[in-house]
Every structure is written in C-alpha cells, then in structure tokens.
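Using the sequences plus the hints, can you model the full thing?
What follows is each chain in one-letter form.
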Amino acid sequence: GQQVMQIPQYQHVQEGEDFTTYCNSSTTLSNIQWYKQRPGGHPVFLIQLVKSGEVKKQKRLTFQFGEAKKNSSLHITATQTTDVGTYFCAGPWENMRFGAGTRLTVKP
Amino acid sequence: SQTIHQWPATLVQPVGSPLSLECTVEGTSNPNLYWYRQAAGRGLQLLFYSVGIGQISSEVPQNLSASRPQDRQFILSSKKLLLSDSGFYLCAWVPSGSHTQYFGPGTRLTVL
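Residue numbers (this note's numbering), protein chains in the order written: chain A, 110 to 217; chain B, 122 to 233.
No lab work stands behind these hints, which were simulated from the structure alone.
The reader is advised that the hints may include incorrect statements.
[Unchecked claim] Covered stretches of chain A (in silico footprint by chain B; criterion: 3 or more residues with CB under 8 Å from a CB of chain B, positions within the stretch not fixed):
id, segment
1, 152 to 162
2, 168 to 176
3, 197 to 206
[To be verified] Computed beta-carbon distance windows for the label pairs:
id, chain 1, residue 1, chain 2, residue 2, range
4, B, Ser186, A, Asn204, 33 to 43 Å
5, A, Gln167, B, Leu233, 16 to 26 Å
6, B, Ser179, A, Lys160, 27 to 37 Å
7, B, Pro139, A, His184, 21 to 31 Å
8, B, Asp192, A, Lys160, 30 to 40 Å
9, A, Thr136, B, Thr221, 14 to 24 Å
10, A, Lys166, B, Ser219, 18 to 28 Å
11, B, Gln176, A, Ser139, 20 to 30 Å
12, A, Gln118, B, Ala130, 25 to 35 Å
13, A, Gln112, B, Lys200, 22 to 32 Å
14, A, Gln123, B, Ser179, 37 to 47 Å
15, B, Ala160, A, Asp127, 28 to 38 Å
16, B, Ser186, A, Lys179, 26 to 36 Å
Since the structure is predicted, the reported quantities are computational estimates derived from the model, not experimental observations.
Even for Gly, the Cβ is constructed at its ideal location relative to N, Cα and C.
Below, the structure is given as structure tokens:
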C-alpha cells in the first residue's frame with residue numbers, strides 16, 4: 110500500500126542554522142500537506158501543495174513539491190527556538206497517510 | 122467559529138478495562154471526522170474515519186471501535202484495553218469542501 114517516508118527522524122541544530130526535512134512517497138501524490146506539532150501539543154496545518162514543482166513560502170519556511178509529485182521538502186532558514194517541534198508530511202487528502210515526522214530541536 | 126473538543130484530556134486505565142473517548146465539533150455541519158493514535162515520539166496512525174452519521178471506515182484491525190451517533194460527535198471505544206493501546210489519541214475534522222485537517226487537543230491514554 111501507499112507509504113509516506115520522512116527523513117531524518119531527528120534533527121538538532123544551533124539557533125540560526127538551517128533545517129530541512131524530506132518526504133518521499135512510494136506512489137505519485139495528487140497533493141501533500143505539512144503539519145507542525147509542538148511538544149505536548151497537537152498537529153497544526155501549515156500548508157498544502159498540489160502542483161508539480163510547486164514552491165510556497167511562509168516567512169522563513171519554504172515548501173517544495175517534486176516534479177514527479179513523489180517527494181516534498183520543508184526548509185527552514187535561520188531556525189529559531191520557536192521552530193522546535195515535530196514536522197509531518199501527509200497525503201494525499203483522499204487517502205491521508207502521515208509520515209513518521211522529523212523532530213527538530215534548536216539549541217539557543 | 123469552529124472548535125473541536127476532546128475528553129478526557131488524560132486517562133489512566135487498567136488492562137482489560139473498557140474505554141470511551143469522545144470528540145465533538147462545534148460550528149460546522151457534516152464534517153469528515155478522524156481518529157488517530159500517536160505512540161510516544163512516533164507518527165500518526167489513522168484508526169477510523171467517518172464521512173457521515175453511522176458511516177465508519179476502519180483502517181487498522183484491532184480491539185478498538187468507533188461510532189458516530191450524531192453529525193458532530195465521534196466516539197472511540199474498546200471493550201478491553203491492552204497495554205499496547207497506550208498513546209496519544211487525536212481526533213481531527215475536515216470541513217465539507219476542504220482538505221485541511223484540524224486536530225483536537227488529544228487524549229493521553231496510559232494503560233497499566
């Protein structure tokens with residue numbers, strides 16, 4: 110069945126460094142979503158990507174959807190302590206599967 | 122505005138005891154509803170989803186069941202809890218015509 114794989118599982122960075130998490134699917138995705146879960150909290154929707162090669166930005170966050178629509182990435186520029194949490198990719202909405210998540214910790 | 126509620130927030134139950142977790146959504150009608158389980162430090166496992174009253178789809182065969190007695194109410198149940206049922210249970214809803222999942226605050230279940 111469809112699987113959504115996410116790497117790395119953990120990432121520890123110094124504040125100000127960049128961070129990237131990658132999401133790969135075994136099948137072509139019609140769309141993909143990204144969520145953030147703060148420690149002790151619940152996942153919160155960040156963005157949805159639909160088009161092949163799509164790039165969207167939210168302040169320091171850049172989301173990309175691969176040309177083949179089988180992979181996606183989330184890049185954070187100059188991380189801050191408020192970026193701490195676990196980032197999940199998920200998709201497609203018709204048959205939602207979540208990646209295992211990448212847990213980001215930031216050292217001040 | 123729309124809100125989603127889950128209770129209880131935390132629960133400690135002995136092995137073999139029954140379970141009932143409730144999720145309600147306010148301010149909307151005919152939402153799609155979902156139950157997920159998240160083991161400590163792990164990803165989200167979809168357990169059940171519902172597109173309408175009395176319509177339940179199960180993703181993972183296990184000792185859990187779900188029911189949707191009302192449009193905005195989703196219940197997760199078990200007759201006998203197992204140790205492996207421990208985890209963070211999240212309810213989510215998707216507005217009609219949307220694809221974004223909005224999660225409730227979750228229930229932390231510990232089975233001893």
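Is the distance from the Cβ of A:Gln118 to the Cβ of B:Ala130 consistent with 25 to 35 Å?
holds (27 Å)
Coverage of the segment 197 to 206 of chain A by chain B (three or more Cβ within 8 Å):
holds (count 5)
Range agreement (Cβ of B:Ser219 with Cβ of A:Lys166, hint 18 to 28 Å)
22 Å Cβ-Cβ, so the 18 to 28 Å window holds.
A:Asp127 and B:Ala160 - C-beta distance against the hinted 28 to 38 Å
At roughly 29 Å between Cβ atoms, A:Asp127 and B:Ala160 fall inside 28 to 38 Å, so the hint holds.
CB of B:Ser186 to CB of A:Lys179, is that within 26 to 36 Å?
Since the Cβ atoms of B:Ser186 and A:Lys179 sit about 35 Å apart, the hinted range of 26 to 36 Å holds.
Regarding B:Asp192 and A:Lys160, is the given constraint of 30 to 40 Å on their beta-carbon distance met?
For B:Asp192 and A:Lys160 the Cβ distance comes to about 34 Å; the hint holds.
For the pair A:Gln123 and B:Ser179, does the Cβ-Cβ distance stay inside 37 to 47 Å?
holds (45 Å)
Between B:Pro139 and A:His184, does the C-beta distance stay in 21 to 31 Å?
Since the Cβ atoms of B:Pro139 and A:His184 sit about 46 Å apart, the hinted range of 21 to 31 Å is violated.
Per the coverage rule (Cβ-Cβ under 8 Å, at least three residues), is the segment 168 to 176 of chain A covered by chain B?
Violated - the segment 168 to 176 of chain A has 0 residues with a Cβ nearer than 8 Å to chain B, which falls short of three.
Verdict for B:Gln176, A:Ser139 (Cβ pair) under range 20 to 30 Å:
Given about 23 Å between the Cβ atoms, the range holds.
Okay, B:Ser186 versus A:Asn204 on CB: inside 33 to 43 Å?
Between B:Ser186 and A:Asn204, where Cβ atoms are some 21 Å apart, the hint is violated.
Return holds or violated for the Cβ distance of A:Gln167 and B:Leu233 against the range 16 to 26 Å.
violated (42 Å)
Hints 2, 4, 5 and 7 from the list above are not met by this structure, while the remaining hints are.
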